[in-house]
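Work the whole structure out from these sequences, hints included.
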Amino acid sequence: MHRMLPQFDFANRHCDGFSNIVTYHGHGREGDAKALANSDIVLSTYHTISHEASDKESPLWQIKWFRIVLDEAHIIRRMSTKLFKAMKKLCAKFYWCLTGTPVQNSLEDLAALISFIRAAPLDDLHKFRKHVIKPLTKGSENGVENLRQLLDSVCLRRTKQLLNLPEAVFELHPLHFSAREELLYNDTRDKLVKLINKNSLKSKNQKGYLGVFQLQLQLRRLCNHGTFQRASLETDEFDPDQAIALLKKQKIAKCEACAVTITGIQGIEEKRNGSFTVCGHLLCMKCVPRLKSTLKSIDGRDGCFQCSLCPEIVFGNYLVDEECATNSKRGSKNISAWQYFDKEGCSTKVSTIVNDIEHHNTEGKSIIFSCWTRSLDLVGIFLQSRKIPFVRIDGSHSLGQRKWILENYQRDSVVKILLMTTGTGAVGLNLTIANCVYLLEPQWNPMVENQAIARVLRLGQKRNVRVVRYIMKGTVEEASHNKTVG
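Numbering (the UniProt record's numbering), first residue to last: 1 to 486.
Hints should not be assumed to be uniformly reliable.
Keeping only pairs whose Cα atoms sit at most 25 angstroms apart, straight-line, the calculated BS3-like set for lysine-lysine is [as the list claims (entries may be wrong)]:
hint, residue 1, residue 2
1, K64, K93
2, K403, K462
3, K286, K251
4, K296, K286
5, K160, K462
6, K194, K160
7, K343, K365
8, K473, K191
9, K138, K251
10, K88, K64
11, K56, K34
12, K88, K138
13, K130, K251
14, K191, K343
15, K130, K34
16, K64, K34
17, K296, K134
18, K365, K403
19, K160, K365
20, K85, K127
21, K82, K93
22, K194, K473
23, K483, K251
24, K462, K387
25, K138, K85
26, K462, K365
27, K64, K82
28, K93, K56
29, K473, K462
30, K34, K88
31, K82, K343
32, K138, K127
33, K56, K88
34, K365, K387
35, K85, K56
36, K251, K127
37, K343, K387
38, K56, K82
39, K138, K483
Just so you know, these hints were derived from the structure itself, not from any lab. These numbers were taken from a predicted model, which means no experiment stands behind them.
Set out below in structure tokens:
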């Protein structure tokens with residue numbers, strides 16, 4: 001199961017003797033189970049399988065497959081999700097998982113893969129916790145040995161050294177704010193700290209843990225946007241995965257509306273115990289309906305509200321939808337990017353990265369990764385002003401659009417720059433035509449960066465890959481980077 005259908009071309013190139021290859025995806029796909037069973041290879045997507053989970057008549061459930069192979073298998077790491085349950089519903093003789101990052105946030109990510117491949121008895125989550133996670137948490141050697149034996153028996157590992165891949169040359173560019181940017185950064189930090197402290201005093205039980213996350217989120221975004229950044233937030237800047245990662249580090253979570261402690265951070269990740277708003281608030285399930293009812297319509301416009309917990313203007317849905325968060329983030333994509341920026345602003349980071357691109361533009365094709373669509377908007381504005389051709393892929397593009405954009409990027413010698421969100425570009429793509437990766441900001445989860453780099457540094461890459469990171473000195477970015485490397 002692939003996430004990106006363009007990758008399926010590999011079957012025609014490398015699978016000798018398999019002449020009957022069927023794509024089970026999109027409108028008009030083959031609905032006859034017998035026809036699918038008679039094919040050599042059936043290619044599909046995670047979204048298609050998940051969508052048909054409740055369709056009892058789907059041919060997917062009528063066939064006992066010989067082998068099911070999941071590419072980018074870490075996508076199914078959340079065991080309570082509709083996607084994972086749909087994949088487990090498939091019946092086969094053999095089950096394979098392909099991934100470069102089997103563990104992203106916790107060992108339960110690995111437990112999901114073990115469960116999918118039916119590696120008994122540890123395919124049961126309770127037994128996996130008992131024999132692997134709990135002993136490891138307590139520092140027991142039994143946990144280490146159990147995990148080693150498990151992986152030795154079910155895992156075939158291919159490192160970059162074994163594959164004889166080219167080298168990755170890493171560059172770190174520490175940057176200093178301009179005087180205007182530093183003034184704005186310090187002023188924003190001080191105001192937000194005061195606001196968090198004020199809210200924390202409302203209840204002695206409220207510690208403002210997510211308030212700290214929101215502070216870091218705004219400051220990190222400011223590191224990219226500089227004085228282009230307006231005072232208000234946009235709804236597409238909140239990343240629930242990063243918030244979950246922070247909560248797991250702090251090992252505590254509280255509802256920002258009632259200050260009750262939310263037990264089980266895994267439950268938040270699976271939307272059982274709590275839910276995030278698109279503007280970054282964590283709410284317990286009791287407060288969700290109450291807060292939604294208090295949303296204030298802005299100027300009577302449909303789908304445009306003001307959050308009652310912050311000055312955020314919310315477009316569309318108030319809560320982050322786990323099943324389609326990526327595709328719903330850009331509800332206002334038809335609005336000019338300039339609406340979100342101060343035209344008189346400046347950004348040291350974006351100016352530097354565009355200068356670097358101009359300097360190295362003759363050396364090959366490059367990819368610029370950012371976790372924020374707004375940051376890519378700003379980079380795009382700068383590239384256009386320098387008349388540098390580029391293409392872009394983010395969560396708003398359909399599979400068909402992504403395929404066309406990638407083909408254009410690969411074939412057009414004039415287009416050497418690809419802008420891509422990490423959530424989109426870090427999964428399921430082969431981008432070996434590029435040999436330079438620009439990481440606009442450090443990630444709290446280093447696996448996200450590794451996945452992005454792996455899109456370029458993989459089988460088929462013939463050149464050394466240049467990886468450039470940008471860090472604003474004396475900011476939350478530097479602190480985040482130091483924790484990751486330290």
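Results for each hint:
Of the pairs offered as hints, the one joining K64 and K93 holds, with about 7 angstroms between alpha carbons and a cut-off of 25 angstroms not exceeded. For a cut-off of 25 angstroms, the pair hint linking K403 to K462 stands: about 23 angstroms separates their Cα positions. Between K286 and K251, the direct Cα distance comes to roughly 21 angstroms. Compliance with the 25 angstroms bound is thereby established for this hinted pair. A hinted pair counts as satisfied when its Cα atoms are at most 25 angstroms apart, and K296 with K286 qualifies at roughly 20 angstroms.
Distance hint between K160 and K462 is fulfilled; the C-alpha atoms sit about 13 angstroms from each other, no more than 25 angstroms. About 48 angstroms separates the Cα atoms of K194 and K160, which puts this hinted pair outside 25 angstroms; it is violated. About 29 angstroms separates the Cα atoms of K343 and K365, which puts this hinted pair outside 25 angstroms; it is violated. About 20 angstroms separates the Cα atoms of K473 and K191, which keeps this hinted pair within 25 angstroms; it holds.
For the proposed pair K138 and K251, the alpha carbon gap of about 16 angstroms is at most 25 angstroms, so the pair holds. Annotation: proposed proximity of K88 to K64 holds, straight-line Cα distance about 13 angstroms (limit 25 angstroms). The hinted pair formed by K56 and K34 meets the criterion: a straight-line CA distance of about 16 angstroms does not exceed 25 angstroms. Distance hint between K88 and K138 is unfulfilled; the C-alpha atoms sit about 31 angstroms from each other, more than 25 angstroms.
Proximity of K130 to K251 is assessed by CA-CA distance (about 20 angstroms); at most 25 angstroms being required, the pair is judged to hold. A distance of roughly 23 angstroms separates the Cα atoms of K191 and K343; the hinted pair therefore holds under the 25 angstroms criterion. At most 25 angstroms may separate the alpha-carbon atoms for a hinted pair to count; K130 and K34 exceed this at roughly 42 angstroms. For the hint pairing K64 with K34, the CA-to-CA distance comes to about 11 angstroms; that is within 25 angstroms, so the pair holds.
A C-alpha spacing of about 46 angstroms is found between K296 and K134, which places the hinted pair above 25 angstroms, so the restraint is violated. For the given pair, K365 sits about 17 angstroms from K403 by alpha-carbon distance, which is consistent with the 25 angstroms threshold. Distance hint between K160 and K365 is fulfilled; the C-alpha atoms sit about 22 angstroms from each other, no more than 25 angstroms. Pair hint K85 plus K127 holds up; C-alpha atoms about 19 angstroms apart against a cutoff of 25 angstroms.
Restraint check: the Cα-Cα separation between K82 and K93 comes to about 22 angstroms, which is no more than 25 angstroms; the hinted pair holds. As the CA atoms of K194 and K473 are separated by approximately 23 angstroms, the hinted pair is consistent with the 25 angstroms bound. The hinted pair formed by K483 and K251 meets the criterion: a straight-line CA distance of about 17 angstroms does not exceed 25 angstroms. For the hint pairing K462 with K387, the CA-to-CA distance comes to about 29 angstroms; that exceeds 25 angstroms, so the pair is violated.
Under the criterion of a C-alpha separation no larger than 25 angstroms, the hint pairing K138 with K85 is inconsistent with the structure, at around 30 angstroms. Between the alpha carbons of K462 and K365 the distance comes to roughly 13 angstroms, so the proposed pair stays at or under 25 angstroms and holds. A C-alpha spacing of about 21 angstroms is found between K64 and K82, which places the hinted pair at or below 25 angstroms, so the restraint holds. For a cut-off of 25 angstroms, the pair hint linking K93 to K56 stands: about 21 angstroms separates their Cα positions.
Taking the CA atoms of K473 and K462, the gap is near 34 angstroms; set against the 25 angstroms cutoff, the hint is violated. At most 25 angstroms may separate the alpha-carbon atoms for a hinted pair to count; K34 and K88 meet this at roughly 21 angstroms. Between K82 and K343 the alpha-carbon distance is near 43 angstroms, which puts this suggested pair outside the 25 angstroms criterion. A hinted pair counts as satisfied when its Cα atoms are at most 25 angstroms apart, and K138 with K127 qualifies at roughly 16 angstroms.
Pair hint K56 plus K88 holds up; C-alpha atoms about 15 angstroms apart against a cutoff of 25 angstroms. The hinted pair formed by K365 and K387 meets the criterion: a straight-line CA distance of about 16 angstroms does not exceed 25 angstroms. Note on K85 and K56: the hinted pairing holds, with a Cα-Cα distance of about 14 angstroms set against a maximum of 25 angstroms. The suggested pairing of K251 with K127 holds, with an alpha-carbon distance near 23 angstroms, which does not exceed 25 angstroms.
Taking the CA atoms of K343 and K387, the gap is about 18 angstroms. The hint holds against a cut of 25 angstroms. Proximity of K56 to K82 is assessed by CA-CA distance (about 15 angstroms); at most 25 angstroms being required, the pair is judged to hold. About 23 angstroms separates the Cα atoms of K138 and K483, which keeps this hinted pair within 25 angstroms; it holds.
Hints 6, 7, 12, 15, 17, 24, 25, 29 and 31, counting from the list given before, are not met by this structure.
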